[in-house]
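A.B. asks: So you can see what is in the structure, the chains are spelled out below.
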Amino acid sequence: MIEISNITQTFGKGRDAFTALRDVSLTIRENEFFTLLGPSGCGKTTLLRSIAGFVYPTAGTIKLQGEDLLTLPPYSRPVNTVFQSYALFPHMTVAQNIAFGLEMLNQPGAQVKSSVNEMLALVQMTDMADRKTSQISGGQQQRVALARALAPKPKVLLLDEPLSALDFKLRKEMQIELKRLQTETGITFVFVTHDQEEALTMSDRIAVMNEGRILQIDAPRAIYDHPAERFVADFIGETNFLEVDVLSVEADDATIKLTSGATTTARRADTNSATGQATIAVRPEHATLSDDASALLRGTLEDVIYSGTDTHYHIRLQDNCRFVVRKQNHPGTMEAHTVGHQAGVFFDRGVAQILRD
Amino acid sequence: MAAQAERRWLLLSPALLILTFAASGPLLIVLVYSFLEAGDYGGVKWVFTTDAWFNVVAERDFFDETIKIADAHVSIFWRSVKLSLMTAVAAFIIGFPTAYFIATRAEKSRDLWMLLIIIPFWTNLLIRTFAVMEIIRNEGVINTLLIKFGIIEAPIQILFTEFAIMLGMVYVYLPLMVLPIYASMERLDFTLVEAAYDLYGTRMRVLRRVIFPLVKPGVIAGSILVFVPSLGAYVTPRVLGGGKQLMLGNLIELQFGQGRNWPLGAALSITLLAIVMIALMFYVRVARLEEPQHGQ
Ligand SMILES: Nc1ncnc2c1ncn2[C@@H]1O[C@H](COP(=O)(O)OP(=O)(O)OP(=O)(O)O)[C@@H](O)[C@H]1O
Ligand SMILES: [Mg+2]
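First to last, the sequence lines map onto chains A and B.
For our numbering, count along the first sequence from 1 and bump the result up by 1177.
For our numbering, count along the second sequence from 1 and bump the result up by 567.
It should be emphasised that the hints constitute simulated quantities derived from the structure, not laboratory data.
Here the structure is a predicted model, which is why all the values come from computation and not from measurement.
There's no promise every hint is true.
[What the hints assert, rightly or not] Computed cross-link-like contacts, DSS-like style, restricted to lysine-lysine with a CA-CA straight-line distance of at most 30 Å:
#, chain 1, residue 1, chain 2, residue 2
1, A, Lys-1290, B, Lys-783
2, B, Lys-783, A, Lys-1190
3, A, Lys-1309, B, Lys-675
[As the list claims (entries may be wrong)] Computed Cβ-Cβ distance ranges for the label pairs, DEER-style:
#, chain 1, residue 1, chain 2, residue 2, range
4, A, Asp-1304, B, Ile-686, 39 to 45 Å
5, B, Asp-756, A, Glu-1427, 55 to 61 Å
6, A, Gly-1315, B, Glu-753, 24 to 30 Å
7, B, Asp-756, A, Arg-1199, 49 to 55 Å
8, B, Glu-753, A, Ala-1306, 28 to 34 Å
Every residue, glycine too, gets a C-beta built ideally from N, C-alpha and C.
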């Protein structure tokens, strides 16, 4: 539905030139909750702004339902934005803010009024309709910003880190509320965040970005379980990286030999990857401690860290790499492992993921 | 506590002294003079009379003692207020886009643009006024060019008209309009402007509904800053009006000079001050209305 093809965005000229987006291509589907996830400065806002029309890409095309968006000025694009700073008009009341877009679309007064009331009810702000925007709390401002952007019923809603200014509890509430609004309105949401947990909870699909590039686009589970690159694996959740030797490759899998000499099966992110040296990623909770002969790796238990829901075991492997195993805690069980003792690590076939270089 | 309060008064005393003697003192003298009789060769006679105030707006016929409105004074008042208002409006029409232009430049070049606006302000007023004269006089740049290109045959009389005075004042006081508008525009959060565009606002509507209301305090301040000195302008109407188109400043000067009527000059000065005060009170009222009821 939104087709972004080969977008490049360069700011400045000559020696000061800075490329914020490099050949970005992606397709966002109808009614999707699509998230752009990446560290600060990776170009998320820039990509959002080029969809909204505040920056004009140096190269590439953006189409919305087949229509070229780049030929349209920002005020003609059927796209609305929830700004990171909310950008509520300080000289208008809550209701006037929500009505603004509708008035700019020249909708008749009665219709504007009923839409505003509908939106106020949707975000539970009816009681505060006549307050100035400086007289409401941060969470309320956030809801007004949302209502203002939703009121004109855009085809796409762009949200630039809309929850980052809220405290933890409010943030959790708003995550659920946003998801509910998206389902209820059926509007496509393009959501920007640098919080991986937020991305995993809310999104239908996630695009992981770094340094102006898109590294992987997938459903949250696929991104988490099968990161394609080292950066993705590292950025989302915790991961153990191991250097391995790929012995042979099949369709989706490969047989690998670990530094300990043990062999197992790993998934391939990239069907082009060949045999030879490679890096694999194993999530700490996908591995278990094992004392028997089945252990794939062996080392010394260096640390046992209790963290409430689970315990982290830090193991120094024979090749001096560190490996972390995470085990969920159960009530009543005693800690069976002692620091300084030998420990083995086991993970199932297919759990390890071969990363693209 | 008491010692501290005493100390505060002590620290304040230089400022208070200056205020008392340098500001209120002369003002008081002017006020007193306006109720005295005019001396024969300038100065005042210490006799109480309200003649000067009467003469501000009215005059008594020399022969039959009938009272009529002082047409000359009224027309000068009217011209002063009219030209000052027009100057403020014209300065706004030129100054607002200028301030907007500068505020939307890259941060590095903004100071340079502001410098270009301010430099003329540091130049001597007379020199600037004569420069305008040089441009608009019959043999000046405008007329010469227009004749050269065959657009007109005889020069257009611009100099010594009300328009010339207004032109001169707009030129002279323009920085006073641009500066406060620029100051409020620089503080303006431009994501608000983006938000307005995002919500289907076209250029003009965004300007009217979002930008203008948010920089309004700057616009009002600029208008006052231009209006007040225009009202009391002396040099510009003198040079560009050629002594034919008097304004309040010239009228006052006339009373203290050739007219030898100091009390009338004093009464006119206070009238001018009153008009300025009314304008300022209007500003304060509007500014208070704009203020949010509860700070955030
Ligand atoms: N107008 C501009 N001129 C020059 N450089 C810019 C401009 N806008 C953005 N950049 C640069 O482009 C890069 C990407 O910026 P962008 O705002 O898209 O990052 P982001 O991913 O949204 O980061 P954050 O999570 O901190 O908001 C940054 O290095 C930024 O400095
Ligand atoms: Mg950003």
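A.B. asks: Each hint should be assessed against the structure and marked as holding or not.
C.D. replies: Hints and how they fare:
1. A:Lys-1290 to B:Lys-783: 27 Å, holds
2. B:Lys-783 to A:Lys-1190: 36 Å, violated
3. A:Lys-1309 to B:Lys-675: Not satisfied, since the Cα-Cα distance of roughly 35 Å exceeds 30 Å.
4. A:Asp-1304 to B:Ile-686: 39 to 45 Å: 55 Å, violated
5. B:Asp-756 to A:Glu-1427: 55 to 61 Å: 57 Å, holds
6. A:Gly-1315 to B:Glu-753: 24 to 30 Å: 25 Å, holds
7. B:Asp-756 to A:Arg-1199: 49 to 55 Å: About 30 Å separates the Cβ atoms of B:Asp-756 and A:Arg-1199, which means 49 to 55 Å is violated.
8. B:Glu-753 to A:Ala-1306: 28 to 34 Å: Taking Cβ atoms as reference, B:Glu-753 and A:Ala-1306 lie about 32 Å apart, which means the hint holds.
Comparing the model with each numbered hint stated earlier shows that hints 2, 3, 4, 7 do not hold.
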